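Chain by chain, the residues:
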Amino acid sequence: MIHYLLGILLFVIGLYGVLVKRNLFKIIIGLIIMEYATFLLFALVGFREHGTAPIQPGVAGKVFVDPLPQALVLTAIVIGLGTTALIAGLAVRIYEKYGTLDIRKIKKLKG
Amino acid sequence: MQNNTQNTSSGMSLIVKTVARILAGMIMLYGIYIVAHGHLTPGGGFAGGVIIAGSFILLYLAYGATAADSDKRKWYASLCESLGIFGFWIVAILGLVFGTYFLFNIFAKGTPFHLFSAGIIPVCNVAIGVEVAGALVGIFITFAAVKLLERK
Amino acid sequence: MEGIAMRYFVLFLFAFVMWLILTWPADWQHIIVGVIVSIIVMVLFGRLAVVGEVKMFDPKRWAWFIVYLVVFIWECIKANLDVAYRVIHPRMPIKPGIVKVKTNLKSDIARTFLANTITMTPGTLSVDVDGDELYIHWIYVRDETVEGATKYIVGRFERFLAKVFE
Amino acid sequence: MVNSIPLFVVIPLGCAFILPVIGRRWERAGDLFANLVTVTLLGLAIWSVRFIRETTVYHVGGWGAVNGIPIGIYLVRDGLSIFMLVVVNLIAFVATLYSINYMEYFTDKTKYYTLFMLMLAGMNGVILTGDFFNLYVFIEIAAIASYALVAFGTEAEELEAAFKYQVMGSVGSGFILLGIILLYSYTGTLNMADVGRVILDKGASNLVWFVNVLFIVGFGLKAAVVPFHMWLPDAHPSAPAPISAMLSGVLIESIGVYPLTRIMYNVIGFDGVLSNILIVLAIISMMIGGLLALWQWDYKRLLAYSSISQVGYILLGIGLGTPLGLLGALFHLFNHSAFKGLLFLDSGSIVYSVGTRDLREMGELDRRMPITSKTNLVAAMSIAGVPPFNGFWSKLIIIIACIQAGRYGVAGWAILGSILTFAYILKAERYAFYGKAGRDVADVKESPPFMCIALIILAVICVVAGLMLLPNVRETILFPVVNTLTSGTEYIWRVLR
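Line by line, the protein sequences are chains A, V, W and C. Residues 1 to 111 in my numbering are what the first sequence spells out, letter by letter. Residues 112 to 263 in my numbering are what the second sequence spells out, letter by letter. Residues 264 to 429 in my numbering are what the third sequence spells out, letter by letter. Residues 430 to 926 in my numbering are what the fourth sequence spells out, letter by letter.
Check the hints yourself; a few may be wrong.
Stated by the list, open to error - Cross-link-like lysine-lysine pairs, in silico, DSS-like; alpha carbons within 27 Å at most: (1) C:803 <-> C:874; (2) W:365 <-> W:426; (3) A:26 <-> A:107; (4) A:97 <-> V:185; (5) A:107 <-> A:21; (6) W:426 <-> W:341; (7) C:803 <-> A:97; (8) W:426 <-> W:369; (9) A:107 <-> A:62; (10) V:185 <-> C:540; (11) V:183 <-> C:540; (12) W:369 <-> W:323.
Unchecked claim - Cβ-Cβ distance ranges computed for the label pairs, FRET-style: (13) C:454 <-> V:234: 26 to 36 Å; (14) V:234 <-> C:709: 50 to 60 Å; (15) W:395 <-> A:51: 53 to 63 Å; (16) A:26 <-> C:632: 52 to 62 Å; (17) V:187 <-> C:706: 34 to 44 Å; (18) C:478 <-> W:310: 17 to 27 Å; (19) A:75 <-> C:453: 27 to 37 Å; (20) V:208 <-> C:472: 17 to 27 Å; (21) W:429 <-> C:537: 15 to 25 Å; (22) V:254 <-> W:400: 45 to 55 Å; (23) W:395 <-> V:254: 34 to 44 Å.
Simulated from the structure, these hints should not be mistaken for laboratory data. Note that the coordinates shown come from a computational prediction; the quantities given were computed from them, not determined experimentally. Beta carbons: idealized from backbone N, C-alpha and C, even for Gly.
Generate coordinates for the entire structure from the input sequences, incorporating the hints supplied.
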């Protein structure tokens with residue numbers, strides 16, 4: 001139970017960063033924390049007490065760690081890499097155009 | 112980047128350059144090792160691809176942003192990326208073409224725990240490795256170019 | 264042109280040996296893949312990685328390399344004891360500073376080895392290289408002049424490195 | 430033919446991967462390949478309509494069920510999927526046709542088509558997949574491509590809009606992934622049907638409720654339902670016009686509304702509380718979207734706010750949960766794709782010819798750009814709900830469904846919403862095409878041929894789509910689609926079988 005709470009706490013910390021911070025890169029860091037909180041939670045969901053790696057053949061009666069979340073977390077990390085690269089690129093281009101990273105000064109769009 | 116071993120004008124100091132020059136090949140070898148053994152040991156296409164990209168990025172870091180900033184390099188990186196993922200796509204639809212399922216394991220599976228085993232998985236790993244290496248090098252070159260622009 | 268070909272071949276050998284070490288025990292599958300991989304590495308980095316390829320096949324240089332290793336280990340032990348003495352000593356007799364030294368070594372790889380050797384020896388740390396001048400951070404500056412510092416720091420290794428790489 | 434199912438994802442992906450290679454030397458490759466792909470997919474989707482009463486399951490990689498437990502990724506094609514496929518690929522086809530001329534504006538057409546194809550593959554994948562993690566992956570593919578497409582012009586406002594869009598979109602994805610993880614920890618499986626089966630067996634605990642909330646927030650962010658709508662009015666107008674049409678017309682529906690509906694109805698099971706939540710969100714969206722649209726002077730921005738309002742209608746029908754409500758919602762979804770796509774393409778034509786998005790600077794365009802103005806009129810009549818056009822029928826059905834369900838207040842809000850729609854669209858029409866010109870429009874010409882063809886296709890669809898309600902047609906096309914939703918968790922047994 002505790003790992004669910006900690007994972008969601010980390011998620012909320014990231015969300016706080018996204019909502020409250022004013023610097024573009026701090027917002028990005030908040031997003032990354034959010035992403036990684038979910039990944040961590042996912043990896044922990046697959047954890048089994050005294051489990052071993054699920055690759056040995058012919059070991060009956062042993063507890064295996066659930067391998068599915070590990071594979072999926074890897075996929076999710078790759079997706080996270082793509083989004084992070086894209087958003088960092090956007091932030092850099094915004095910096096080129098506006099000359100600032102402060103989100104309060106970047107508002108050509110209203111609403 | 113090719114022959115300017117005496118050129119100290121850009122990039123890091125001579126020590127870093129020399130070490131990067133010698134080690135880049137070995138890093139790439141290790142990356143390929145990870146990719147090729149993706150179905151036997153931890154790692155695989157993505158992890159190995161990142162290491163392969165690391166070998167190039169190490170060189171670019173050592174020799175400075177000017178070495179990396181070139182349209183030709185960017186094009187090669189993007190070509191690697193596209194061809195790698197296209198190779199994966201080809202492998203994936205081979206299953207469809209031969210009348211079974213998309214991503215069906217059409218190759219012989221071989222003996223477990225040998226290098227040539229597991230059917231299409233090593234092939235897919237190689238394709239992913241090429242793709243990831245190209246993509247990461249491309250991302251790095253793009254960001255390096257942006258930094259240059261700012262300095263001007 | 265022959266030099267270039269040799270350069271590629273040297274890298275190929277290096278890569279192949281490295282591959283065998285990684286995949287040991289190697290069966291025929293590993294060897295086939297290893298040859299292909301080594302060729303890929305050779306093509307991509309061959310021009311860059313190795314300079315002075317012919318020296319590779321000179322057994323005298325390898326012998327000097329072993330001598331150099333012995334000297335390095337001996338100096339290393341001495342320097343370790345020296346630093347340990349300074350640390351344990353109640354008054355901590357250190358006099359840190361950065362000194363400039365000169366080297367006669369010409370090739371990149373020899374200078375790199377020299378700088379790394381100096382760094383790996385406790386008490387000294389190479390900060391930067393500029394042409395034939397090295398800037399060294401020294402835990403106890405015995406001699407502030409360039410010549411004196413050169414004799415203390417570089418002189419210990421330079422002869423052997425020159426024999427190995429020049 | 431079972432093997433046609435993965436083609437919806439495979440073909441656009443292949444096109445996206447090969448285009449960067451061949452498009453470097455061959456500028457026109459993108460135009461040719463992208464249009465071929467979308468035509469093929471539209472044909473496949475329409476051809477699939479004959480299977481609309483069946484549920485076909487495709488096991489990717491041949492990984493079927495072991496002892497009744499699904500272990501691979503399932504692609505599921507049933508009535509709702511086919512309906513959505515037709516909508517998405519129809520708009521995609523029109524958008525690519527339109528892009529041939531329109532994207533001459535921009536520098537790198539090849540990259541544009543690559544991203545477009547990725548987005549299309551993502552949307553088709555979302556629609557077809559029967560696996561939760563696969564759903565997340567496809568949502569992310571579609572979303573990442575759309576972020577990049579919004580920023581495609583790389584002007585200051587576009588970058589800002591894309592940044593905002595991506596931050597909100599990533600937060601939404603985070604919520605969705607968190608919900609999926611919690612569901613996995615509760616059920617131990619990721620297959621949608623299997624998750625539904627386990628929830629039926631174990632009963633819905635508080636965790637499932639928490640997951641429901643996460644999904645409503647996550648997919649609500651993707652669908653721009655009102656408390657989570659802030660990014661849409663910036664992002665959709667900033668994109669190139671065909672992309673605006675895709676984003677507003679189908680993207681928010683296929684990666685926002687569709688998965689939410691699918692999960693609520695077919696996996697977790699729909700009930701009164703969810704229904705009330707959705708109806709409240711729908712009414713707020715309808716009202717606030719419509720009111721804010723009234724204030725806008727930027728034509729594309731007005732249309733973007735109108736999208737929020739129209740998505741409210743769709744959600745209202747879905748929230749009602751009655752067969753008639755669902756029929757209205759799905760029909761409105763189709764109509765919204767058609768007329769909002771058409772309106773955005775028209776705005777693109779105006780930008781192409783006049784060079785402004787400000788309504789005050791337009792005017793007198795009905796004589797200068799006859800095709801654009803006529804098609805725009807059709808779309809405007811549709812969205813405003815003037816009788817013979819399609820928008821009228823879908824709104825009418827939704828309002829009747831409200832009354833039938835005994836929710837008279839909700840019906841009143843829906844009528845008010847449609848009056849608002851009428852008001853803002855009248856304003857746009859009046860200023861853009863019929864009012865006095867705010868600037869010199871003497872040299873304004875009609876847009877190039879491919880753009881006009883695209884406009885005419887959509888206008889024809891707007892006119893004739895009402896025919897889908899004819900007695901025999903609705904029984905063959907719309908009713909099976911509604912059935913997949915009203916049959917609820919029977920989906921589980923149809924998939925697992």
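Here's how the hints hold up against the structure:
1. C:803 <-> C:874: Within the cut-off at roughly 15 Å; holds.
2. W:365 <-> W:426: With a Cα-Cα distance of about 18 Å, the restraint between residue 365 of chain W and residue 426 of chain W holds, given a limit of 27 Å.
3. A:26 <-> A:107: 18 Å, holds
4. A:97 <-> V:185: 23 Å, holds
5. A:107 <-> A:21: 16 Å, holds
6. W:426 <-> W:341: Given pair residue 426 of chain W, residue 341 of chain W holds - Cα atoms ~23 Å apart, limit 27 Å.
7. C:803 <-> A:97: 39 Å, violated
8. W:426 <-> W:369: Holds: residue 426 of chain W and residue 369 of chain W sit about 12 Å apart, inside 27 Å.
9. A:107 <-> A:62: 59 Å, violated
10. V:185 <-> C:540: 14 Å, holds
11. V:183 <-> C:540: The hint holds at about 17 Å.
12. W:369 <-> W:323: The hint holds at about 19 Å.
13. C:454 <-> V:234: 26 to 36 Å: Because 28 Å falls inside the window, the suggested range holds.
14. V:234 <-> C:709: 50 to 60 Å: Given about 52 Å between the Cβ atoms, the range holds.
15. W:395 <-> A:51: 53 to 63 Å: 59 Å, holds
16. A:26 <-> C:632: 52 to 62 Å: 43 Å, violated
17. V:187 <-> C:706: 34 to 44 Å: 52 Å, violated
18. C:478 <-> W:310: 17 to 27 Å: 60 Å, violated
19. A:75 <-> C:453: 27 to 37 Å: Check passed, 30 Å falls within 27 to 37 Å.
20. V:208 <-> C:472: 17 to 27 Å: 20 Å, holds
21. W:429 <-> C:537: 15 to 25 Å: 52 Å, violated
22. V:254 <-> W:400: 45 to 55 Å: This hint is violated: roughly 32 Å between Cβ atoms.
23. W:395 <-> V:254: 34 to 44 Å: Since residue 395 of chain W and residue 254 of chain V have Cβ atoms about 35 Å apart, the given range 34 to 44 Å holds.
Checked against the numbered hints above, the structure breaks hints 7, 9, 16, 17, 18, 21, 22 and satisfies the rest.
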